[in-house]
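**Q** One-letter residues, chain by chain:
There are 2 protein chains.
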Amino acid sequence: MEVRNSPIGVFDSGLGGLTVVKQIKKLLPKENIVYFGDTARLPYGSKSNETVRKYSLEIARFLEKKGVKLIVVACNTSSSVALDLLSQEISVPVIGVVKPACKKAVSVTKSGNIGVIGTRATMNSGAYKDTISSMNSKIKVIQKECPLFVPLVEEGMTDGEIVEMVVRYYLESLRGEIDTLILGCTHYPIIKHVIAKYVDGDVRIIDSSVEVAREVHELLKREGILSKGETAREDAFYVSDFPQRFEEMAKLFTGENLKRVGKIYLE
Amino acid sequence: MEVRNSPIGVFDSGLGGLTVVKQIKKLLPKENIVYFGDTARLPYGSKSNETVRKYSLEIARFLEKKGVKLIVVACNTSSSVALDLLSQEISVPVIGVVKPACKKAVSVTKSGNIGVIGTRATMNSGAYKDTISSMNSKIKVIQKECPLFVPLVEEGMTDGEIVEMVVRYYLESLRGEIDTLILGCTHYPIIKHVIAKYVDGDVRIIDSSVEVAREVHELLKREGILSKGETAREDAFYVSDFPQRFEEMAKLFTGENLKRVGKIYLE
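These protein sequences, in sequence, are chains A and B.
For the first sequence, my numbering gives the first residue as 1, with consecutive numbering after it.
For the second sequence, my numbering gives the first residue as 1, with consecutive numbering after it.
Chain A extracted, bound-state conformation (with noise of 0.2 Å):
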């Protein structure tokens, strides 16, 4: 098989990732997708550096036997800590979900203050940090991490008082100080529209799962090989465990029933 007619890899700690599977095929409809979902483990947020490092590389070696040409890692904690590790010991292509997010954050600020938020492991690793000092050192970055976010999302709690207190609890520091914010995990663009509101219109907001498919849009275009649509295949996921709740999670996060579900231990 040609290798542009292989499918990308994708990985996430949980089904958060699938907000990047749907912008990658919003934009690049022709490719196909391996995901891989790593449901028994997750959250890796609050996991050691050495722990996420050890899951990344195991899920993406499963995916490089699956064959794809690239692999995108769509876990911001992984992406924080083990993207080095995995472009090391990966043969093919390796893209994280920082620096595209940070590009863009880096070429649309006007004051020079830009926020990030996600899980206490990214924002601890300072990879956005240190990502947007080398682009521009005179950027000022300031990184709030909030760790009920997910569980929010996860319980389906994405309207409402709740949602609405704990946005304003931990993004509070940040209103005015700001022109710019990252949203740096998968399930933040499911609360985007109450960030959003409460940090007002002045502020844009960067998706890095928009971000991160452009950028596999351009990885393939330079190395030729962007997917003709030659051949008929369908998308395959793959997660460590069924949780409970499967279906409704990967529908919040996906918008439509995933087809070709398998179920697979790494260890």
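Hints are not guaranteed to be accurate.
Copies of the same chain look alike in the list, so a pair counts if it fits in one copy or across any two.
What the hints assert, rightly or not - In silico DSSO-like pairs for lysine-lysine, Cα to Cα no more than 27 Å straight-line:
hint	residue 1	residue 2
1	K129	K54
2	K144	K65
3	K263	K54
4	K65	K54
5	K140	K263
6	K140	K259
7	K259	K30
8	K54	K197
9	K140	K54
10	K129	K65
11	K54	K30
12	K110	K66
13	K228	K65
14	K129	K197
15	K65	K30
16	K26	K138
17	K138	K25
Source of the hints: derived by calculation from the structure; they are not laboratory data.
Chain A is already provided as a structure; the job is to place chain B on it using the hints.
**A** Quick look at chain B alone, frame taken from chain A:
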């Protein structure tokens, strides 16, 4: 070594089971503990029964190898779905948290209406409902899953407007309907004061960790294997990952700093 001098094994998906350790040590200060917290793979509450059973058996075998005389399954989810399997596969007695709490609740209820709160997996298992019904089929059990309580506690949000609002969100339907409420999760004792304030003083709140400590005492006495404190030993704590904020979390659940903590991969 005589069996009575062997330690008691306690495990949980994370550090929440330390609330059980605290109660055992309070009631039985001469006993030694070997604790295992599966911090790399928590939470169990949103995983499938099959996965929870697999993980629980791995941990119970680890504790068995450590020479424990008894295993306490401090995790409500494991107690609900894996207790029968462990009792079959493990050579020492195994005690879960469900039965002791149910026994207490059945003995104190006057109205015959008992509320139970816990994770989604614990509630879906129906373990509390079935156990109470087997003790007294006339008692009405009202279950309510509260998936946000664990992340709130782990975020250290144990007081204030947000936790009060989430408590009201989940418990509104129970208020006035019950006279006894079982806290069916090892994290919940940490926000017991908020729950108690909301459901008002007439509701008797049953803390499983207190009840399971009593059950441990009875079993050791019955079997003649209560420690006489003849050998000086230290408690040992194992986790599958040192999560972010490990020390803060341990302190939250035990009120003190943990000594002798080791990290173990079970795979």
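**Q** Look at each hint and say if it fits the structure.
**A** Verification of the hints:
1. K129 x K54: within (24 Å within a copy, 40 Å between copies)
2. K144 x K65: Neither: 37 Å inside a copy, 43 Å across copies.
3. K263 x K54: Both, since 19 Å and 15 Å are each at most 27 Å.
4. K65 x K54: both (17 Å within a copy, 26 Å between copies)
5. K140 x K263: This pair counts as neither: shortest intra-copy Cα distance 43 Å, inter-copy 38 Å.
6. K140 x K259: Neither, since 44 Å and 41 Å both go past 27 Å.
7. K259 x K30: within (17 Å within a copy, 56 Å between copies)
8. K54 x K197: neither (38 Å within a copy, 44 Å between copies)
9. K140 x K54: neither (32 Å within a copy, 47 Å between copies)
10. K129 x K65: neither (33 Å within a copy, 46 Å between copies)
11. K54 x K30: neither (32 Å within a copy, 39 Å between copies)
12. K110 x K66: This pair counts as neither: shortest intra-copy Cα distance 43 Å, inter-copy 61 Å.
13. K228 x K65: within (23 Å within a copy, 57 Å between copies)
14. K129 x K197: within (25 Å within a copy, 42 Å between copies)
15. K65 x K30: Close inside one copy (22 Å), not across copies (54 Å); limit 27 Å.
16. K26 x K138: Neither way: K26 and K138 sit 35 Å apart in one copy and 56 Å across, limit 27 Å.
17. K138 x K25: neither (35 Å within a copy, 55 Å between copies)
When the structure is compared with the earlier hints, violations turn up for hints 2, 5, 6, 8, 9, 10, 11, 12, 16 and 17 and for no others.
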